[in-house]
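Below are the chains, spelled out letter by letter.
2 protein chains.
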Amino acid sequence: MAQTLGVITPQVMQVETPLTLSSGAVLPRYDLTYETYGQLNEDASNAILVCHALSGDHHVAGLDADNKPGWWDSYIGPGKPVDTNHFFVVCSNNLGGCRGSTGPASLNPETGKVYGPDFPIATCKDWVNSQYELQKHLKIPQWAALIGGSMGGMQVLQWAMDYPDQLRHALVIAAAPKLSAQNIAFNVVARRAIMSDPDFHEGRFLEHNTTPKQGLAQARMLGHLTYLSDDLMGTKFGRERREDALKYNYEVEFQIESYLNYQGEKFATKQNFDANTYLLMTKALDYFDPAAEFDHDLSKALACATAKFLVVSFTSDWRFSPERSHEIVKALLDNDTDVCYAEITSEHGHDAFLLPNEHYEGIFRAYMKRVLKDIPSQHDETKK
Amino acid sequence: MAQTLGVITPQVMQVETPLTLSSGAVLPRYDLTYETYGQLNEDASNAILVCHALSGDHHVAGLDADNKPGWWDSYIGPGKPVDTNHFFVVCSNNLGGCRGSTGPASLNPETGKVYGPDFPIATCKDWVNSQYELQKHLKIPQWAALIGGSMGGMQVLQWAMDYPDQLRHALVIAAAPKLSAQNIAFNVVARRAIMSDPDFHEGRFLEHNTTPKQGLAQARMLGHLTYLSDDLMGTKFGRERREDALKYNYEVEFQIESYLNYQGEKFATKQNFDANTYLLMTKALDYFDPAAEFDHDLSKALACATAKFLVVSFTSDWRFSPERSHEIVKALLDNDTDVCYAEITSEHGHDAFLLPNEHYEGIFRAYMKRVLKDIPSQHDETKK
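Heads up: the sequence lines are chains B and W, in that order.
So in numbering that gives the first Met the number 0, the last spot in the first sequence is 383, and the numbers never skip.
So in numbering that gives the first Met the number 0, the last spot in the second sequence is 383, and the numbers never skip.
Treat each hint with caution, since some may be false.
Since the list can't tell identical chains apart, any single copy or any two copies may satisfy a pair.
As the list claims (entries may be wrong) - Calculated pairs, SDA-like style, for lysine to any residue (alpha carbon to alpha carbon, straight line, at most 25 Å):
1) 368 / 9
2) 135 / 20
3) 372 / 117
4) 269 / 194
5) 138 / 12
6) 212 / 339
7) 212 / 117
It is worth saying that the hints were derived from the structure and are not from the lab.
In this text the structure is predicted, and so the values were computed from the model without any measurement.
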């Protein structure tokens, strides 16, 4: 039976050397907040880095101070697919985030005021560079694996291209090699909802002691719309109303309406997600396009990757559909890269990558056994 | 060669008898603004009623006073599939609209002030009832055909159920027998964008000499997102940027962004669409579910229909996908109703129903010949 990880205390890496971002902007200093689970082995060869999605953070497993389980707790822990009895797992909040790492809500050391809109837009490349500092900080010579879903999967791709010899395995789940025009369009509408909220104050809402709750809630509602499949929404909510009789007014009436409103409010109010971080993360997604520097040829872009890959997609995911994963797999095969691909049947849409699913768990677990086998110091043990 | 219809002058039917709506609300009086094209024949047997979609209006063909062609001008006119050399075509702005028919922007005769949010929510059923008044007003004993796309297609279904002996043919294009949870969800987010705009003033924006432009533009952008297919957006805009270099800020950068912004602004500012009408139309769509009164059995709901049907869907339409049309066709077949079904290959998504397409036009034209044949007085002529 799986044990539990218990309460995890986040740690902070403080980097006092300046970081030049893709945009050319320089961060004079920054913090990366991270959590770790399991024990680093003697030769530091069992370390795994997990990259989070758009609204995720470093709290990926175990419980936080409020006893809230991590966002991927069902897959990471003792006896779980990413088994913390064997692996030392690390997850950090991305630069530009709002959960402890330096971001728009942090103090700008040069002005003594909150960055707000002055925080430079970070990219996937910048995140990877800052995580490489974390790798050195933790004295990890090479990651046994990088794992990420959605935006996190893109980050894993970026790692495999920018630091090919720093990872042995790359697990790219429910991701895409770049956003489609439709993906960008959803981000455009979400950003507009935030930026047109009168409480946005051109990004200086914290200085005005407010937050653009309405806009952020709308952006989140729109996000949820793309995370769930049409079928699942149908199964889960259908056209059910909260009351039998039609209201003939604009109050909340359908269950799906009530669900989306709840998700929006929770995100903007209870979880207090920073609106500037949301803008930044969506823009980093829009910009992600590693093939662009290689004549828009993804195969060329991935030619330098030496890691072994697991690519996973979900049948009902229409945000990053299986076809988008096929593009990645094709590019890897063009380079004779070692790649396993699994297309998991699920009705849960893009959200499926976070949810329990027997087939998915089986593949994930089997692949992680392979990752374990490839750990030099564990080799003898796993041979038994 | 097709002639042109020239400039068309809208007409207004003024109804001074009260109309009770589905909600129970009573409209003391109302106007329906409409246009007609072609000539009504002697026994008034060649009349066709076209029903418009969410943001459509009565100006379906010919030119308006500003020389703007109607929204379906490519399919309606002399020599076109709906041939005005043979048919007398009528199109009216729906009740609750903002293009001349009585709606939220009209004066409430009981208060002398603009209705605004006090205008009652109308339903598909109400639109059909008011259009039946128009039919009587025009002294048309029976429509040769009812034609509608998207929301207009739903209205045609409603006509076929509520006034089965008032139409001989029903053309239901790119429609659905009810909205899915996902369809409703998009409407929920669109309405929220409008209603949370500080210029909305709880619907009394006209009294405040303003309009919720931001919210309406966002709603329209979201609409456009669902009208276009992912593929078409990819072909048309891809990830193209307005300038080569990345901006690393939140200014308009991608072509799709620029397109959506333009569509949003145009709708909210230049076309000055009434925000309360937009709310009303989306709510009427949410409510449309004729099977609900028949144990959620669409076959039972359509059992009374006596018209012959043409049902058309488009392969890349993900708003009302071909599967939604299949539901309608199945229900009609369950009743041994005469139905033709065409699934048109198109990459244009939901918008396809408005756009030129050889296959679509061929089917439309062929079916309209059948409609013409079924006109009693034209029978001899078409036999030749």
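Here is what the structure says about each hint:
no. : hint      : verdict
1   : 368 / 9   : neither (27 Å within a copy, 73 Å between copies)
2   : 135 / 20  : within (19 Å within a copy, 70 Å between copies)
3   : 372 / 117 : neither (46 Å within a copy, 70 Å between copies)
4   : 269 / 194 : both (20 Å within a copy, 22 Å between copies)
5   : 138 / 12  : within (13 Å within a copy, 81 Å between copies)
6   : 212 / 339 : neither (42 Å within a copy, 50 Å between copies)
7   : 212 / 117 : within (20 Å within a copy, 28 Å between copies)
Hint compliance for this structure: hints 1, 3, 6 are broken, all remaining hints hold.
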